[in-house]
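K.L.:
Take 1 as the starting number for the sequence shown in UniProt numbering and just add one per residue.
To be clear, the hints were calculated from the coordinates, so they are not data collected in a lab. Treat the hints loosely; a few may be bogus.
Okay, derived cross-link-like pairs now, SDA-like style, lysine to any residue, Cα gap no bigger than 20 Å in a straight line [claimed, not checked]:
(1) Lys745 - Asn758
(2) Lys250 - Lys447
(3) Lys117 - Ala312
(4) Lys480 - Gly274
(5) Lys460 - Arg413
(6) Lys99 - Asn63
(7) Lys479 - Ala278
(8) Lys688 - Tyr733
(9) Lys225 - Asp215
(10) Lys325 - Ser391
(11) Lys217 - Asp402
(12) Lys159 - Val573
(13) Lys70 - Leu102
(14) Lys231 - Pro461
(15) Lys742 - Ala810
(16) Lys366 - Asp292
(17) Lys325 - Asp378
(18) Lys705 - Gln727
(19) Lys117 - Phe359
(20) Lys509 - Gly695
(21) Lys617 - Val573
(22) Lys325 - Phe359
(23) Lys828 - Thr811
(24) Lys705 - Leu692
(25) Lys807 - Pro787
(26) Lys694 - Pro713
(27) Lys286 - Thr116
(28) Lys705 - Gln678
(29) Lys828 - Ala810
(30) Lys510 - Gln282
(31) Lys833 - Pro813
(32) Lys686 - His659
(33) Lys460 - Arg221
(34) Lys250 - Ser417
(35) Lys100 - Val54
(36) Lys460 - Asp229
(37) Lys450 - Glu395
(38) Lys450 - Asp402
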Amino acid sequence: MNVVVVESPAKAKTINKYLGDAYHVVASYGHVRDLPPKDGSVDPDHDFNMIWQVDAKAQKRLNDLAKAVKSADRLILATDPDREGEAISWHVLQVLREKKALKSQPVERVVFNAITKQAVLDAMASPRAIEDDLVDAYRARRALDYLVGFNLSPVLWRKLPGARSAGRVQSVALRLVCDREAEIERFKAQEYWTVVATLATPSGDTFEARVAVLDGKRLDRLGIKSEADAKQIVDHLNAAAFAAMSVEAKPQKRNPAPPFTTSTLQQEASRKLGFSSARTMQVAQKLYEGVDLGGETVGLITYMRTDGVQMAPEGISAIRRVIDKDYGERYLPPKPRHYATKAKNAQEAHEAIRPTDVFRRPAQMKRHLGDDEFRLYDLVWKRAMASQMESAEFERTTVDIDAVESGKTIGLRATGSVMLFDGFLSVYMEGVDDAADEDDDDRRLPKIAKGDALARKAVKPSQHFTEPPPRYTEATLIKKMEELGIGRPSTYTATLSTLRDREYVTLDKKRLIPGSKGRIVTAFLHSFFERYVEYGFTADLEEKLDAISDGRLDWREVLREFWADFSKQIGDVMEVRTAAVLDALNEDLAPLIFPPKPDGSDPRACPVCSTGRLSLKNGRYGAFIGCSNYPECNFTRQLGDDPNADPAAAEGPVVLGVHPETGMEVSLRTGRFGPYVQMEAAEGEKPKRSSLPKGWQPEEITLEKAVRLLDLPREVGEHPEDKQPIQAGLGRYGPYLLYGGKYTKLDSIEDVFEIGLNRAVAMIAERKEGKGFGRTPAALKSLGDHPAGGEVTVREGRYGPYVNHGKVNATLPKGTDPQTITLEDALKLIEAKGGKAAKGKTAARSTKAKTTSKTTAKSGGKTAAKTAAKTATKAAGKTTKAASGDAAKTTKAKSPTKKAAAAKGAE
Numbered sequence: 001m002n003v004v005v006v007e008s009p010a011k012a013k014t015i016n017k018y019l020g021d022a023y024h025v026v027a028s029y030g031h032v033r034d035l036p037p038k039d040g041s042v043d044p045d046h047d048f049n050m051i052w053q054v055d056a057k058a059q060k061r062l063n064d065l066a067k068a069v070k071s072a073d074r075l076i077l078a079t080d081p082d083r084e085g086e087a088i089s090w091h092v093l094q095v096l097r098e099k100k101a102l103k104s105q106p107v108e109r110v111v112f113n114a115i116t117k118q119a120v121l122d123a124m125a126s127p128r129a130i131e132d133d134l135v136d137a138y139r140a141r142r143a144l145d146y147l148v149g150f151n152l153s154p155v156l157w158r159k160l161p162g163a164r165s166a167g168r169v170q171s172v173a174l175r176l177v178c179d180r181e182a183e184i185e186r187f188k189a190q191e192y193w194t195v196v197a198t199l200a201t202p203s204g205d206t207f208e209a210r211v212a213v214l215d216g217k218r219l220d221r222l223g224i225k226s227e228a229d230a231k232q233i234v235d236h237l238n239a240a241a242f243a244a245m246s247v248e249a250k251p252q253k254r255n256p257a258p259p260f261t262t263s264t265l266q267q268e269a270s271r272k273l274g275f276s277s278a279r280t281m282q283v284a285q286k287l288y289e290g291v292d293l294g295g296e297t298v299g300l301i302t303y304m305r306t307d308g309v310q311m312a313p314e315g316i317s318a319i320r321r322v323i324d325k326d327y328g329e330r331y332l333p334p335k336p337r338h339y340a341t342k343a344k345n346a347q348e349a350h351e352a353i354r355p356t357d358v359f360r361r362p363a364q365m366k367r368h369l370g371d372d373e374f375r376l377y378d379l380v381w382k383r384a385m386a387s388q389m390e391s392a393e394f395e396r397t398t399v400d401i402d403a404v405e406s407g408k409t410i411g412l413r414a415t416g417s418v419m420l421f422d423g424f425l426s427v428y429m430e431g432v433d434d435a436a437d438e439d440d441d442d443r444r445l446p447k448i449a450k451g452d453a454l455a456r457k458a459v460k461p462s463q464h465f466t467e468p469p470p471r472y473t474e475a476t477l478i479k480k481m482e483e484l485g486i487g488r489p490s491t492y493t494a495t496l497s498t499l500r501d502r503e504y505v506t507l508d509k510k511r512l513i514p515g516s517k518g519r520i521v522t523a524f525l526h527s528f529f530e531r532y533v534e535y536g537f538t539a540d541l542e543e544k545l546d547a548i549s550d551g552r553l554d555w556r557e558v559l560r561e562f563w564a565d566f567s568k569q570i571g572d573v574m575e576v577r578t579a580a581v582l583d584a585l586n587e588d589l590a591p592l593i594f595p596p597k598p599d600g601s602d603p604r605a606c607p608v609c610s611t612g613r614l615s616l617k618n619g620r621y622g623a624f625i626g627c628s629n630y631p632e633c634n635f636t637r638q639l640g641d642d643p644n645a646d647p648a649a650a651e652g653p654v655v656l657g658v659h660p661e662t663g664m665e666v667s668l669r670t671g672r673f674g675p676y677v678q679m680e681a682a683e684g685e686k687p688k689r690s691s692l693p694k695g696w697q698p699e700e701i702t703l704e705k706a707v708r709l710l711d712l713p714r715e716v717g718e719h720p721e722d723k724q725p726i727q728a729g730l731g732r733y734g735p736y737l738l739y740g741g742k743y744t745k746l747d748s749i750e751d752v753f754e755i756g757l758n759r760a761v762a763m764i765a766e767r768k769e770g771k772g773f774g775r776t777p778a779a780l781k782s783l784g785d786h787p788a789g790g791e792v793t794v795r796e797g798r799y800g801p802y803v804n805h806g807k808v809n810a811t812l813p814k815g816t817d818p819q820t821i822t823l824e825d826a827l828k829l830i831e832a833k834g835g836k837a838a839k840g841k842t843a844a845r846s847t848k849a850k851t852t853s854k855t856t857a858k859s860g861g862k863t864a865a866k867t868a869a870k871t872a873t874k875a876a877g878k879t880t881k882a883a884s885g886d887a888a889k890t891t892k893a894k895s896p897t898k899k900a901a902a903a904k905g906a907e
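Working from the sequences, and respecting the hints, build out all of it.
P.N.:
Here it is in structure tokens:
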């Protein structure tokens, strides 16, 4: 029996059918090991030794795989044909060796770019060994991401409360979005005019010509700057005589675009299908792994994570046969087209995305596919077909016209284009990102001869204003990252998802808008880690990773060079006081948060108390602008709000009405942490408030909605077992059910108002059984940072709520409401539980070293010598073991939390 390892169970099922009973195909379900999110996973002091941790979910699968391999004749690693696939094969092999599952069985690596029977059988006939250079490039990338994320994130947490982790590539992508936003904010619109004349030929046919030459000089787009200038031109044209001075017709060709890469597929799917990058890759993965075609599962497209634009010869040959058959010889070029990518760091050995069998036309596949699958397959098929078709041919006509009046001449130009042969356009036309070209090339001109007198029919001036550059969409940001050489095809989607998940950017009408957290983090990194968010530096690092994969650079040497400067920078920034950090951010973000006032007064003067100075401040919920006279003056302004707005109007409550039961006034207000509703209270009592749930807009809030929020928590009913009440409410971290002092998360705010008793009881039972939950529960509440570093959170466990810091969990005292506990209370509980050890390995090692030193000093004679020798021997053994190679140590996972995983800063 031969054991074959692939990534996904869908792929395993398909390939097993191709190979037959002599093969047993198993799935790894992606990566099986990763760096644990803790200090020391990458150790620069021991030549970047890396400790790998087996994923908890993969442990059983690896045990089953080890059993199968022990009795197998051969192990075949058939993971994806890219660096990630090579890394997965390497990880699987390392784990199997550690489990001593391999004896004398041969180990082979095979790759195939498409999941078809022929592609798989051809790959099996041409095995190779694992490419160490590709694995080294993967290890270097993973180590870099860890070192940046794990070392930079704590600096952010300490210097910028409320900020989250920063990753190596995500930070640069975020800078792109923030730089574009700053460019938009600095933009000042310029007025310009166009003047278009409608003219008639001697035969009576009309066409339009635009003013193009004034005072003997060709006008650029902004050449006519004001209405007065436009009026002078209009007056001249209304009195002028028009004549065609030259008529020039030139043939033009438009060539097809190359077949899809990961980046261009995501861009076109966004423009034409409205897909997000994540959705595009999900659908493409399904088409790649296989679709059931009448009992046979077949991959319809080649591997979809690629930056190559060339197709395999057999693919080109098949496409040329279909072109000849379906469209005719006129549409088939004499020779196949060959493309070269313009993207930086592209791996030309990777094939472009194409149909595995171009004879499977989209119309024939439609009944086998879902709507999204069909639309994406249709896009891939047409793009691949068009890439090998003849160019489209046009005739572009340009007519230059003189308008003469009183010896003065103004030049006009009319352009038009006529398609002579549609070529590839009969199949596919590439989309465009933004505004359409203002050119008139696609208009067809009537027959005009040089010297023809032209009659004036109308003259129309039009006012225009220049527009700021558009915000990035996911597609255009990916395109820019590719142009700059930032990231790889397999990382684009993950990078964008991370920016959204951490609330650094939001999507509005498909446009990426940086949030206040994103602007602050970018300004901080630009001020204190400028080199590491430079586009050129990041692209240069990508080039070095490619050089490692080619065997031209040593991966550890690249890490040494990076770490020497980066670690020093980390140490220097940690010494900077938070006040100095905020001063630097005030300076960096001044054009945004303190723009010049119309009256020329000090933009940083407090508009309420006049004597205070406005400054950037940062809280747990993000950045805001506050007065230096706080608490005497409590003026605040959200980052991004109009700095010149009337503070009374901005802060003033909007009265919604009177609560139907209490008779108290209900109002909508805006505070430091966003909009909220408030119900007035009797004198001496605290008003009841509720923040607006995510997705609720202030302008949509009515009295009825406000009352529903203020009346929370809502009693759903009594639990049938013990008659204890079940409540539905809205907390800081979203909607929840509360029963017996324990919380169960609800999916949406609507559930809070609508959930019934039966469903509530069922959800509570599921929570008790642990269904849908990992071993480490998600955080209910973040309390802030531990003085020794790291986040302190409140979590809901099997035995009740508890506080967590690192590996220390401390149960809350009975009856304590998890939503009311403070950081100070949590620190006491953690310390009582033994939380001093949670200060990190550094502190622990330091304490241990001091204890050892004291013990040695107090001991005398032979005892002291023996103790010192024993300690030295153990230390030497540990050092040797640590330096012996990063594949040597694999620990079992304890399901790292999402918060901890975020600290890795992985792409």
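K.L.:
Evaluate each hint against the coordinates.
P.N.:
How the hints compare with the structure:
For the hint pairing Lys745 with Asn758, the CA-to-CA distance comes to about 16 Å; that is within 20 Å, so the pair holds. Annotation: proposed proximity of Lys250 to Lys447 holds, straight-line Cα distance about 15 Å (limit 20 Å). Among the hinted pairs, Lys117 with Ala312 is consistent with the structure: their alpha-carbon atoms are about 17 Å apart, no more than 20 Å. Under the criterion of a C-alpha separation no larger than 20 Å, the hint pairing Lys480 with Gly274 is consistent with the structure, at around 19 Å.
A C-alpha spacing of about 15 Å is found between Lys460 and Arg413, which places the hinted pair at or below 20 Å, so the restraint holds. Restraint check: the Cα-Cα separation between Lys99 and Asn63 comes to about 8 Å, which is no more than 20 Å; the hinted pair holds. The suggested pairing of Lys479 with Ala278 holds, with an alpha-carbon distance near 15 Å, which does not exceed 20 Å. For the proposed pair Lys688 and Tyr733, the alpha carbon gap of about 19 Å is at most 20 Å, so the pair holds.
At roughly 15 Å between alpha-carbon atoms, Lys225 and Asp215 fall within 20 Å of each other, so this suggested pair holds. Distance restraint check for Lys325 and Ser391: the Cα-Cα separation of roughly 18 Å lies within the 20 Å cut-off, and the hinted pair is therefore satisfied. Of the pairs offered as hints, the one joining Lys217 and Asp402 holds, with about 13 Å between alpha carbons and a cut-off of 20 Å not exceeded. A C-alpha spacing of about 9 Å is found between Lys159 and Val573, which places the hinted pair at or below 20 Å, so the restraint holds.
Note on Lys70 and Leu102: the hinted pairing holds, with a Cα-Cα distance of about 6 Å set against a maximum of 20 Å. Proximity of Lys231 to Pro461 is assessed by CA-CA distance (about 8 Å); at most 20 Å being required, the pair is judged to hold. A threshold of 20 Å between alpha carbons decides the hint, and for Lys742 with Ala810 the separation of about 16 Å falls inside it, so the pair holds. About 12 Å separates the Cα atoms of Lys366 and Asp292, which keeps this hinted pair within 20 Å; it holds.
Between the alpha carbons of Lys325 and Asp378 the distance comes to roughly 19 Å, so the proposed pair stays at or under 20 Å and holds. Pair hint Lys705 plus Gln727 holds up; C-alpha atoms about 19 Å apart against a cutoff of 20 Å. With a CA separation close to 16 Å, the supplied pair Lys117 and Phe359 stays within the 20 Å bound. Restraint check for Lys509 and Gly695: the C-alpha separation of about 15 Å stays at or below 20 Å, so the hint holds.
A C-alpha spacing of about 19 Å is found between Lys617 and Val573, which places the hinted pair at or below 20 Å, so the restraint holds. Taking the CA atoms of Lys325 and Phe359, the gap is near 11 Å; set against the 20 Å cutoff, the hint holds. About 12 Å separates the Cα atoms of Lys828 and Thr811, which keeps this hinted pair within 20 Å; it holds. Of the supplied pair hints, the one linking Lys705 and Leu692 holds, its CA atoms being roughly 10 Å apart against a limit of 20 Å.
Under the criterion of a C-alpha separation no larger than 20 Å, the hint pairing Lys807 with Pro787 is consistent with the structure, at around 15 Å. With a C-alpha separation of about 17 Å, the suggested pairing of Lys694 with Pro713 holds against the 20 Å cut-off. At most 20 Å may separate the alpha-carbon atoms for a hinted pair to count; Lys286 and Thr116 meet this at roughly 14 Å. The straight-line distance between the Cα atoms of Lys705 and Gln678 is roughly 12 Å, inside the 20 Å bound, and the hint therefore holds.
Between Lys828 and Ala810, the direct Cα distance comes to roughly 10 Å. Compliance with the 20 Å bound is thereby established for this hinted pair. Between the alpha carbons of Lys510 and Gln282 the distance comes to roughly 18 Å, so the proposed pair stays at or under 20 Å and holds. Restraint check for Lys833 and Pro813: the C-alpha separation of about 13 Å stays at or below 20 Å, so the hint holds. Of the pairs offered as hints, the one joining Lys686 and His659 holds, with about 16 Å between alpha carbons and a cut-off of 20 Å not exceeded.
About 16 Å separates the Cα atoms of Lys460 and Arg221, which keeps this hinted pair within 20 Å; it holds. Taking the CA atoms of Lys250 and Ser417, the gap is near 10 Å; set against the 20 Å cutoff, the hint holds. A C-alpha spacing of about 16 Å is found between Lys100 and Val54, which places the hinted pair at or below 20 Å, so the restraint holds. Restraint check: the Cα-Cα separation between Lys460 and Asp229 comes to about 13 Å, which is no more than 20 Å; the hinted pair holds.
As the CA atoms of Lys450 and Glu395 are separated by approximately 17 Å, the hinted pair is consistent with the 20 Å bound. Distance restraint check for Lys450 and Asp402: the Cα-Cα separation of roughly 11 Å lies within the 20 Å cut-off, and the hinted pair is therefore satisfied.
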